[in-house]
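S.K.: Using the sequences plus the hints, can you model the full thing?
Counting in the working numbering, the sequence shown runs from 438 upward without gaps.
These aren't lab readings, by the way, just hints derived from the structure by calculation. Take these hints with a grain of salt, some might be off.
Stated by the list, open to error - Derived pair list, reagent style BS3-like, types lysine-lysine, alpha-carbon separation capped at 30 Å:
{"hint": "1", "residue 1": "Lys-729", "residue 2": "Lys-714"}
{"hint": "2", "residue 1": "Lys-729", "residue 2": "Lys-619"}
{"hint": "3", "residue 1": "Lys-520", "residue 2": "Lys-670"}
{"hint": "4", "residue 1": "Lys-520", "residue 2": "Lys-729"}
{"hint": "5", "residue 1": "Lys-520", "residue 2": "Lys-478"}
{"hint": "6", "residue 1": "Lys-448", "residue 2": "Lys-478"}
{"hint": "7", "residue 1": "Lys-619", "residue 2": "Lys-714"}
Computed from a predicted model, the values in this text were never measured in an experiment.
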Amino acid sequence: MEVIRGFYNLKDRHRGCAVTIGNFDGVHHGHQLLISHLVAKGQELGVPTMLITFEPTPREFFQGEQVPARLTRLREKIFWLEKTGLDYLLCFPFNERTRTQTAEWVCEEFLHRSLAVRYVVVGDDFHFGADRRGNYTMLEEAGERFGFDVSHLGTLTFEHERVSSTRVREALAAGDFDLAEKLLGRPYAITGRVVYGRQLGRQLGVPTANIRLQRYRAALEGVYAVTIDGLDKPYEGIANIGVRPTVDGKEPLLEVHLFNFEGDIYGRLLSVTFCRKLRDERAFESIEALEKQIHQDIDEARTWFSEARQ
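M.R.: Quick look at the structure:
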């Protein structure tokens, strides 16, 4: 899958595609169904396929830190989209210029003149253009006018409810990792590179790998039993997601302690899979109280992993 960053990196070979547009946060089962349809349609028409998305997302642009939690940052989204058979991922910066482009401009100048699209498929809640004026009916009318086919997929449901990024966030917030896995088609994980921290965990005898979340808000908060991939073998451990109020932390961070591991992993790309919530993050009256709780968390996680393996 070729990643195209921005309008001015479009080439002639990117024209004439079968296309879909959206945020695709989480790349969940509903997204996967739509993309599978797109890939099949591209094969039927004998044309490449293209997914168009935005970074930051429109809601992040408008709402900033008040935006709903993000399931996947761009790197993670690219990783999962690469597995779908797409040919191209076109990623646009969402900024003031993007915000003001009208729905008519999207249809005529972008989809028709710039991309010469052959086919467009969208989800059931699709809107586009300034003030979200564009909808499926407008897109369908544009297709008739400019000669490209348009369709949309109905809602995918699981247990009588819509599969959506919102529902995945709700499942994660409730600690229901089984439901989140069923909606996503895989266990929920966060991927990132290990960066230098304040070394507090090492001082407490519990060294941690620190991973920046690189999103306004994470979908999880608290302490979890986790598994970690990206090293010589998978490891079990515990992870804290939050601002570390006991030590006056400010930036949300993912801190991971790996069981039975020693070594320098700064700069390594790790994937942290969340298995069970142990507790909420909270402030402690002292570093000693925090240290005691961390060791209790470790004991609880080790017990849970041991029972889960039986």
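S.K.: Each hint needs a verdict: does it hold in this structure or not?
M.R.: How the hints compare with the structure:
1. Lys-729 - Lys-714: holds (18 Å)
2. Lys-729 - Lys-619: Between Lys-729 and Lys-619 the Cα gap is close to 35 Å, so the pair fails against 30 Å, i.e. violated.
3. Lys-520 - Lys-670: holds (22 Å)
4. Lys-520 - Lys-729: violated (43 Å)
5. Lys-520 - Lys-478: holds (17 Å)
6. Lys-448 - Lys-478: holds (22 Å)
7. Lys-619 - Lys-714: holds (18 Å)
In terms of the numbered hints stated before, the structure departs from hints 2, 4, listed from lowest to highest.
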